[in-house]
Structures are given as structure tokens and as C-alpha cells.
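All chains should be modelled from the sequences, with the hints used to inform the complete structure.
Quick note on numbering: the sequence shown equals residues 31 to 611 in the numbering used here.
Simulated from the structure, these hints should not be mistaken for lab results. Fair warning: this is a prediction, and the values are worked out from it, not measured in the lab. Misleading hints may appear alongside valid ones.
[As the list claims (entries may be wrong)] For each label pair, taking beta carbons as the anchor points, the in silico distance ranges come out as: (1) C385 to R579: 53 to 61 Å; (2) S501 to T403: 51 to 59 Å; (3) D127 to G228: 33 to 41 Å; (4) S208 to S65: 29 to 37 Å; (5) F172 to S533: 51 to 59 Å; (6) G586 to S67: 43 to 51 Å; (7) D377 to R582: 43 to 51 Å; (8) Q510 to Q408: 22 to 30 Å.
For glycine and all other residues, C-beta sits at the position ideal for the given N, C-alpha and C.
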Amino acid sequence: MRPHTNIYPLAYVFTFTLWENIQSTVENEFIANYSSSLLTNVPKNIPAHTHVLDLSHNRISGLSVSEFISLPGLQVLNLSYNLITELDFNVLIFNEDLEYLDLSHNNILKISCQTLTSLRHLDLSFNSFTSMPLCQEFGDMFHLEYLGLSATMIRRSDFRCLAHLQLQTVYLTLEDFSLYEPQSLTVLNTRSLHIVYGATQNFNFSLLYDGMSSSENLKIVNLRYALSYKYFPAPSSALLKKIKTRALVLDTVDLQWPIILQIFLLVWYSPVEHLTVRDLTFQGPLAELREHDFLPLLSSLKQLISLGGSMKALTLEHVRNKLYYFNQGILYREFSEMDIASLTIYDAYMPHMLCPNRTSSFQYLNFSHNALTDELFQNCDTLTNLKSLILKRNKFESLPKVSFMTSSMKSLKYLDMSNNLLRHDRAAVQCQWAESLTELDLSSNQLTDAVFECLPFNIAKLDLQSNQITSVPKGIAELQALKELNLASNRLADLPGCAGFPSLELLNIELNSIVSPSADFFQSCPRVRELQAGHNPFKCSCELQDFVRLERRSGGKLAGWPATYVCEYPEGLRGTQLKDF
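In C-alpha cells, the structure reads:
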């Protein structure tokens with residue numbers, strides 16, 4: 031079981047689905063693609079039956095009615111990445127079927143409005159507007175679902191014309207942002223709100239409060255604060271009651287520690303259930319992180335964590351710390367005591383994580399791409415609710431120690447230890463795995479044949495791809511429940527039997543060193559329904575004929591046949607498919 035933790039794909043899924051739906055209706059019609067054609071004007075010879083017109087990445091600076099009047103069936107128009115400075119929606123007045131209009135990444139300063147009643151997707155983001163490019167006519171676009179905007183100022187009155195519309199996604203780009211009037215965003219009625227700050231803009235707490243009050247899914251990109259640290263006032267209880275956001279994504283965050291803690295406090299007080307922070311940088315300078323600023327915030331956070339809240343999942347990805355003299359143990363303790371179901375800390379150079387002091391509510395932990403070692407969670411008996419543990423791309427070395435780590439995890443079903451430095455040298459020590467463990471990924475390690483002496487008895491799916499295994503030893507303890515075994519990219523010279531795997535159904539043994547595979551495989555493995563044995567250096571000789579006949583009798587159980595089964599030896603037959611030999 032591998033829970034999914036990505037919680038903000040909605041805007042992109044909607045846009046992609048809309049485009050796909052439109053394309054599916056015009057698959058037999060003409061699609062005109064003039065993208066990246068160095069055009070300075072809209073071409074005059076566009077076929078009249080065109081439904082999809084792509085004019086993006088050109089040098090078009092102006093539009094006129096005459097250029098589109100001959101395209102009555104136009105449904106999709108992409109004019110992004112051009113040089114348009116003024117936009118009059120009247121140029122599209124005769125295109126009554128137009129549903130998708132992209133004018134992003136131009137230099138538009140002003141617009142003249144006209145209601146386009148069929149429009150579902152309108153993107154005006156990344157332009158040069160001073161104020162929001164909205165007018166009363168937009169309020170009559172009742173089919174509008176996606177709206178992209180840009181401006182340097184936002185006022186309360188800007189979004190009033192949209193208040194009655196049920197939008198799916200609003201995308202705001204605030205590149206040279208200079209003014210935000212508090213509570214302006216609360217007028218919006220949208221399921222998803224995506225805000226992109228300019229790279230040099232200072233973070234605005236009011237924008238965060240209001241964004242959380244206007245949408246279920248909120249994403250903010252480029253959160254920075256280059257000024258000296260100051261304490262931002264906490265939101266009132268009345269404001270907290272208005273918060274609608276359940277999934278919050280903060281992307282490209284470079285803030286001082288106290289500000290990050292204040293944001294976290296706000297989120298913990300709120301109804302947010304999923305918080306994702308990507309490209310997170312903690313910064314100082316240390317001289318400004320005075321104890322009376324920092325410790326009270328940390329104390330408040332600690333109290334909140336112990337009390338619990340609405341949050342179910344926290345994801346931190348690509349974390350960097352500019353505070354080199356910082357006691358990380360304090361932070362690890364707070365993380366370990368969180369009362370949430372899912373915690374991901376990915377690519378954070380994290381060398382350690384503490385065992386929770388009391389029975390933890392964690393069901394999913396992902397600490398991939400860090401610097402964790404064999405000491406993680408040793409003698410830890412408080413992770414009894416944990417079902418999935420992902421520790422790939424760390425620095426684990428001892429397979430027995432990994433087994434001991436899991437021994438008290440009574441609910442553990444899935445463990446990913448891929449891309450580590452794991453070894454097992456047939457030491458006298460006995461491995462001790464969680465009895466509940468049914469899926470284990472040990473791919474891309476340094477394991478040899480001895481690994482079969484240190485496996486969970488109840489394992490059903492086992493991945494040993496990309497190790498140093500030369501054979502499956504005879505006399506190993508039976509893995510009665512094993513149904514799927516991946517031994518691809520090892521050093522095996524023949525197909526293994528199923529003496530130790532009586533329930534095996536799927537075997538992958540591609541990219542090994544098998545020259546003349548045994549023909550009695552399916553006799554020893556009667557339950558196998560699929561064998562992947564291609565991409566091996568087969569020697570095409572008389573002995574191989576039995577294996578070729580085996581394929582004919584197997585009823586299609588050889589996956590990848592015939593394309594991946596090719597002669598390597600002798601040289602004169604190299605490249606010949608086995609079916610033709």
C-alpha cells in the first residue's frame with residue numbers, strides 16, 4: 031500500500047482535461063498550429079473549419095475582427111508569449127463557440143470588454159496590468175471555470191463582478207506587486223486559488239489569510255521576506271472561522287525561522303488538512319533571531335502539536351537550512367510528536383529522526399533522499415499504527431538492523447529501502463521483521479545471495495532489482511505468501527526454481543546473465559502466470575530449442591515475447607529473435 035500525498039494537482043488537471051475534451055470533439059477537424067513561426071500578424075489563410083488555433087510564441091502585437099471573423103467554429107485560441115499590448119474582446123465577437131482563450135505572457139496594459147458567453151478558460155496572467163483586468167461583462171461569463179489574472183495592485187472592489195460565479199481555478203501573478211487591500215480576495219468564489227509572487231516581493235500575511243478564506247485549495251509561490259524580522263499579528267478567531275482551505279501548498283519559500291513558525295501556527299489553528307511546502311529555506315541572520323522572539327513561538331507550536339488539530343498530512347520537500355548553529359534536535363522532537371497520519375520530509379539532508387515518546391498516530395512516513403542511517407527507530411515501540419515507511423536514497427547499510435527497526439511496527443505493510451547501501455553477510459544474527467510486512471522494496475542496494483536468509487516470512491511482493499545476486503540458494507526457508515519477485519538487473523546465470531516460493535505468480539529476471547535458460551521452469555513453478563526473462567545474453571544453440579518450445583506451450587506467459595528475446599551469441603546470429611532461430 032502506497033498512499034498518495036500529492037494534494038495540489040487540481041488547477042493543472044482541470045486545464046488539461048478541458049483541452050483534452052475540446053480536442054476529442056474536433057479530432058476529425060483541422061487543427062492549425064502556427065506556434066514559434068516568427069509571425070508578426072495573424073495569418074490570413076487559416077482554414078475556415080479550424081477549431082483549434084495555436085499562435086503562441088510569436089511576435090504578434092495587435093488583433094482585429096477581420097482576422098477571426100472567418101473562423102466561426104473556433105473553440106481554442108492560444109496567443110500566449112506574444113507582444114500584444116492592448117486587447118479588445120470585440121475582435122472575438124463572432125467566435126461564439128470559443129471556450130479556451132490563452133493570452134498569458136504578453137505585454138497587455140489595458141483591455142476593452144465584451145461578454146464571450148461560451149468561454150470556460152481565460153488566461154490573462156503574466157501581463158503588464160496595473161489594476162485587475164476585470165469588468166462587469168466578465169460577470170456574464172457563466173460558463174467560466176478557469177481565470178488567470180495579473181496586476182500590481184489589488185483592491186476590494188476588483189472581484190465584485192465575479193462574486194456570483196462558481197469558478198474552479200483562479201490564477202494570480204503578482205510580479206511587481208505594490209498594493210493589497212485586505213479582504214480583497216475573500217470576495218472570490220473559487221475551488222482553487224494559485225498565487226505567484228514576484229521573485230523580489232516581500233511576503234504579505236494578509237494575502238495568505240484572505241487566500242485561505244476564499245478557496246478549498248490554495249497554492250502560493252515565491253514566499254520571501256527580505257526586511258528585518260517583525261512579529262505579524264495572529265489572525266482573530268472570527269477570521270479563522272472564515273477559512274475554507276483544506277489543502278495548502280507553499281512553493282519556493284525563503285523565510286526567517288520565526289515567520290515560518292508563525293505560518294505553521296496559523297495553519298495548525300485552521301481547518302487545513304494537507305500542508306505541502308516545497309523548496310523551503312530557513313534563514314537568519316542569527317543576530318535577529320532573538321530568544322524572546324523565537325522561543326515563545328516554538329513553545330506555542332509545541333502546545334498545539336500536543337493538542338492536535340485538523341491537519342492530517344504534512345509534506346516538506348527540498349529543505350535547506352542557512353542556520354548552521356541550530357539545535358535540530360528541537361525540531362526533530364516536534365516532528366516526531368505530531369498528531370497527524372502522514373509526514374513526508376524529502377531531500378532535507380536530515381541525518382536523524384527521533385522515536386515518538388508516546389504511541390504515534392503516523393500511518394505514513396516518507397523520509398526519502400536524506401542522510402538517515404541504521405540507527406533510525408532502533409528500539410522504538412511507539413510506531414504501532416504505521417502502515418507505510420519509505421526510506422529510499424539514504425545511508426542504511428545493515429539489512430538485519432533494518433529488520434530490527436520494523437520488529438515493533440505491528441501494522442507495517444509496505445517498506446521501501448531502495449537506493450541505499452544495504453548488505454547482508456550471512457552473520458549469525460537472526461533477522462526479525464514485522465510480521466505484518468507484505469511488500470518490501472530492496473532494489474538498488476549491495477545485496478548478494480545471502481539476502482534470502484533475511485527476508486520477512488509473510489512477504490507477498492519483493493523487489494530485489496539491481497543488486498549483486500548470482501543465484502537463489504537451495505534450502506532457504508519457504509516464503510509461502512510470495513507472489514511477485516523482481517530479480518532484474520542482477521548476475522543470475524539461470525532461471526531460479528520455485529522450491530522456496532510455492533505461491534509465486536510473477537517473476538522478473540530480465541537483464542541478468544542467462545545464456546541458456548532451463549526449460550523446466552514452468553514445471554517447478556506451476557502457479558506462475560507471467561515470466562519476464564527478456565534482455566538476457568541468450569546463446570542460440572540447439573540447447574535453446576527446448577526454451578523456445580517452452581514459450582509455445584506456455585500460452586503467452588513469457589512477457590515481452592518475441593521482441594525482447596534476442597540472440598547474443600554466436601556473433602553470426604546476434605540480433606536474431608529467438609522465435610526465428
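| query | Quick one: are Q510 and Q408 within 22 to 30 Å, going by C-beta? | reply | holds, 29 Å
| Should the hint that D127 and G228 are 33 to 41 Å apart at their CB atoms be regarded as holding? | holds, 36 Å
| said: 51 to 59 Å was suggested as the range; check whether the CB atoms of S501 and T403 agree with it. | reply: violated, 30 Å
| So the hint says 51 to 59 Å: do the beta-carbon atoms of F172 and S533 match that? | Given about 58 Å between the Cβ atoms, the range holds.
| task | Kindly confirm whether 53 to 61 Å is satisfied by the beta carbon distance between C385 and R579. | result | holds, 57 Å
| task | For S208 and S65, compare the CB-CB distance with the range 29 to 37 Å and indicate the outcome. | result | holds, 34 Å
| said: For the hint 43 to 51 Å, verify it against the beta carbon of D377 and that of R582. | reply: With a Cβ separation near 49 Å, D377 and R582 satisfy 43 to 51 Å, so the hint holds.
| query | Using the C-beta atoms of G586 and S67, is the stated range 43 to 51 Å upheld? | reply | holds, 48 Å
In summary, the structure is inconsistent with hint 2 from the numbered list given earlier, while agreeing with all the others.
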